[in-house]
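Engineer: Residues per chain, in single letters:
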Amino acid sequence: MSKQKQKLNPATNLVAGLVHKIDLIVASILIIGGAFMYYEATLFPAAPNILGDTLNADIFPKMLIVLMIILACIIPFEIRFMPEKIAKIDKDRSVSLEPITWKTIVLLITLVSVAEFLGPMVTMFVTAACFPLVWGEKNYVRIAIYSVAFPLFVYFVFNKLLGLFFDPGVLQYLVKPTN
Amino acid sequence: MEAILKGLGLLLEWQNILLIFGGVFIGVLVGALPGLSSPMAIALLMPFTISLDPVASIAMMAALYCAGTFGGSITAILINAPGAPPAVATAFDGYPMARNGEPGRALGLAAVASVFGGIFSLIIFIAATPLLAEIALSFGPVEYFGLSIFALSMLASMSGKSSIRNLIAGCIGVLISTVGVHLATGVERFDFGVSELTEGIHFVPVLIGLFAMSELLTQSSTLQDAVRVMSAKSLKLPTFAELKKLKNLILRSSGLGTFIGILPAEGSTVAAMMGYNEAKRWSKTPEKFGTGHDEGIVGPEAANNAAAGGAMVPTLALGIPGSGTTALILAALVMHGFRPGPYLITETPELVYAIFGAMLIANFAFLGIGLAGARFFSLVTFIPKRFLWPSVFIFSLIGSYAYSSAFFDVWVMLISGIVGFFMMRHGFSPAPLVMGLILGPLVEETFTQAMVIHDSSFFQFFESGVFLVFMALTVISLSSPFWPKIFKKKK
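Protein sequence lines, in the order shown, are assigned to chains A and B.
Note that my numbering numbers the first sequence so that position 176 is 176, with each residue one more than the last.
Note that my numbering numbers the second sequence so that position 343 is 343, with each residue one more than the last.
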C-alpha cells in the first residue's frame, strides 16, 4: 500500500493484501444472506403453465439477489479504488461500540418483548422510567415526573384526541370490568 | 382551474391551516434538534395521520419537509451543530458570523434566502409537474421499467459514503418489498412460515426503525456531549440594498437547487454543498468564505430549500422520489390510497395544488415561526438526551403499533432499527434502502408487465427509444462516482 494511502486510512492494519478485512466480513455476510435467500427463492412453486415462465414468483427476487451478490463482491476491494471514502467509514467503525449502546439494545429488546403482555400504556410508563435510569440519569424526581407526565400526554393526544386504540394488556387483569 | 380552486380551498379550512402550521412548527423543531430529522418526523407522524383527512395529512408532511430544511440552519448558525445534513454548509459561514456578534443577521439572511429558494422552486414545481406527468402518461410498462431502473441507479450518486453500498442498500430495500404474496401468481415469498409475513412487511415500521431507532442507538454513545449556545435576541432581516446585492446569487443557487432536487435520489444536502461551492466560485471575494460571509450563508440556504420543492416534481409527476424525505411522502401517499405517478395529477389534481399551497404557506410560516422563535429553537437543544430519546422511542413504539394495531410491526421496527444501525456503521445509508423499498413494487410490476407484453424477451425492450434513453442515463449515473477521478487524471 502506498504511503499516501496509508496516510489517508487511519486503520491501515485493516487492509490485508488486496482486500479490507472488515469489509470482507461485511461482504461475506451479504453473500451468505443472499445465497440463503436465493435458495429460498428456488423453493417457490412454479406458476401454472398458462401464465408462462416470466410470471414465476422467483424470477425477480433471483435477479435482484444475483445483482446484490455481485455488488457485495466488490466491497472488500473498494479500498483499492476509493481509499478516502473507506477511510471515512473506518474512522466511524474503528471506535468500538460503547457498553451503553449494547445496554440500550438489550433494553430495547426487553421492552419490546414485554410490550405485548404489558400493553402500550404500561410499556410507556416502564420505558419512561427505565430508559433515563439506564442512560445514567441521577435526578430521580425528574425521572418520576417524566415517567408519569409523558406517557399521560401521549395517551391523551393519541387516544383521546386522535382516537387510537390502546390495547389494555396487563391492565385488563388489574382493572376489574364494571357491569 | 377548478382543481386549483378546490386544492387551495381545502387548505383554507381552519383544521388544515392548523395542521400546516403544526407541520411547520414540528419541522423547525426537529430540524433544529441535532439527531432528529424531518424524514424521522415524517416516519413517526405517518401512522398517526391515518385517521386524518388524506389531503391535509400530505399537506402537513410537505410543510414539515420545507420547514425542517430551514430548522437545521438555526442550530448550525447558533451552536455550530447543524440540526440536519442540508444545514452543514450553512454552518461554514453562519457560525463564524454569529461568533462575530451577528447571530441575528446570520439567521435573517438564512431565512430570507430559504424563502426565496423555496418560492422559486415552487414556481418550477407547479409548472413542471403537470408537463412531466403528461409526458409520463404516454409511458408503457417498458418505459416505466426503464425509468425506475434509472431512479434506482441514481442511488449510486446519492450522498453517502460509498456508491456500491448505496446500490446494495437499494437492492435490499427492493428485496424486502418482495416479501409476501406475489400478486400475479399468489405464491407466498420469503414468509418463513410466519403468518404475519404473508401480507408483506409494512413499510411504515421499517421507516420508523431506520430513521428513529438507528439514530437513537447512535445517540446513546454521545450522551456526554455538551453544546454551547449563542444568544440570538437581536434578529435582523437583510435590508433591501443587501438583497439587491445578493439577488443574482439567490437566483443562481435557487435554480441550481431546484435542478438538483428534480434529479431522482439527489437531495437538499448535495444541493446545499453545491450551492456553497458555486457561491464561492462566482464570488468576487472568495477569500472571505469561512469567516462569516453573507454569500456563504445565502448560497447553500437558497439551494437547499429550492431542492425541497424540486424534489417534489418527480415524486408527484412520476412516482419516483426526488430524495429520502420525498420517498417518505410517497409512502404516505400510498398509505392514504393515492396512486403516485402521472395518474395522480389526472385523478386527484386538487392534491397536487394543495401540496403546492401548503409548501407556499410553509415558506412564509417558517420565516415567522423560525425568526420569532429562533431563541426558543436554539434552547431546545438543551433538552437532555436522557429524556429526549426515550420520548422518541415511545413515539416509535406507539407509531409502529398504531399502523395496524399489531405488535409484530413493533418487532419489525426494532429489527430494522438495530440492523440499520449496524449498516450505517459500515457505510450503508438508510435513504437508498427506503427508496428501494418504496420503488420495489413499481420495478417488479413494470418488469413483469413488460416481459408479458414482449413475450419474455428482454432484448425487445431496447426497441423503445425512451427505454434506450433511460438506459443511457443509467449508465451515466452509475459511472458518475468515478468521473472526478477520470477528469483529475486527464488534467
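None of these hints come from the bench; they were simulated from the model.
Every residue gets a Cβ at the ideal spot worked out from N, C-alpha and C, and that includes glycine.
Wrong hints could be hidden among the right ones.
Pairs of lysine to aspartate or glutamate residues, derived as EDC-like cross-links and limited to a Cα-Cα distance of at most 16 Å, are as follows [stated by the list, open to error]: (1) Lys62/A to Glu188/B; (2) Lys160/A to Glu137/A; (3) Lys247/B to Glu278/B; (4) Lys6/B to Glu278/B; (5) Lys288/B to Glu278/B; (6) Lys161/B to Glu137/A; (7) Lys161/B to Glu40/A; (8) Lys6/B to Asp53/B; (9) Lys62/A to Glu40/A.
Here's a subset of chain A near chain B, in silico, CB distances under 7 Å, partners left out [as the list claims (entries may be wrong)]: (10) Pro61; (11) Arg80; (12) Glu84; (13) Ala87; (14) Ile89; (15) Val112; (16) Thr127; (17) Glu137; (18) Tyr146.
Engineer: Against each hint, give a clear statement of whether it holds in the structure.
Structural biologist: Outcome of the hint check:
1. As the CA atoms of Lys62/A and Glu188/B are separated by approximately 15 Å, the hinted pair is consistent with the 16 Å bound.
2. With a CA separation close to 31 Å, the supplied pair Lys160/A and Glu137/A exceeds the 16 Å bound.
3. A C-alpha spacing of about 14 Å is found between Lys247/B and Glu278/B, which places the hinted pair at or below 16 Å, so the restraint holds.
4. For the hint pairing Lys6/B with Glu278/B, the CA-to-CA distance comes to about 40 Å; that exceeds 16 Å, so the pair is violated.
5. A C-alpha spacing of about 14 Å is found between Lys288/B and Glu278/B, which places the hinted pair at or below 16 Å, so the restraint holds.
6. Restraint check: the Cα-Cα separation between Lys161/B and Glu137/A comes to about 35 Å, which exceeds 16 Å; the hinted pair is violated.
7. Only pairs whose Cα atoms come within 16 Å are accepted, and Lys161/B paired with Glu40/A is rejected, the gap being roughly 31 Å.
8. Straight-line distance between C-alpha atoms of Lys6/B and Asp53/B comes to about 15 Å, which keeps the hinted pair within the 16 Å bound.
9. With a C-alpha separation of about 10 Å, the suggested pairing of Lys62/A with Glu40/A holds against the 16 Å cut-off.
10. Hint status for Pro61/A: holds, given a least beta-carbon distance of 5 Å to chain B, under 7 Å.
11. Given hint, Arg80/A at the interface with chain B, is violated; its Cβ is 12 Å from that chain's nearest Cβ, farther than 7 Å.
12. For the restraint placing Glu84/A at the interface with chain B, the shortest Cβ-Cβ distance is roughly 10 Å, beyond the 7 Å limit, so the hint is violated.
13. Checking Ala87/A against chain B: minimum C-beta separation of about 10 Å lies over 7 Å; hint violated.
14. For Ile89/A, the suggested interface contact is upheld, since its CB lies about 4 Å from the closest CB of chain B, less than 7 Å.
15. With a least beta-carbon distance of about 5 Å to chain B, the hint placing Val112/A at the interface is held under the 7 Å criterion.
16. Proximity of Thr127/A to chain B holds as hinted, the smallest CB-CB distance being about 6 Å (cut-off 7 Å).
17. Restraint check, Glu137/A versus chain B: the minimum CB separation of about 4 Å is within 7 Å; hint holds.
18. Hint on Tyr146/A holds. Least Cβ distance to chain B is approximately 6 Å, under the 7 Å limit.
Hint compliance for this structure: hints 2, 4, 6, 7, 11, 12, 13 are broken, all remaining hints hold.
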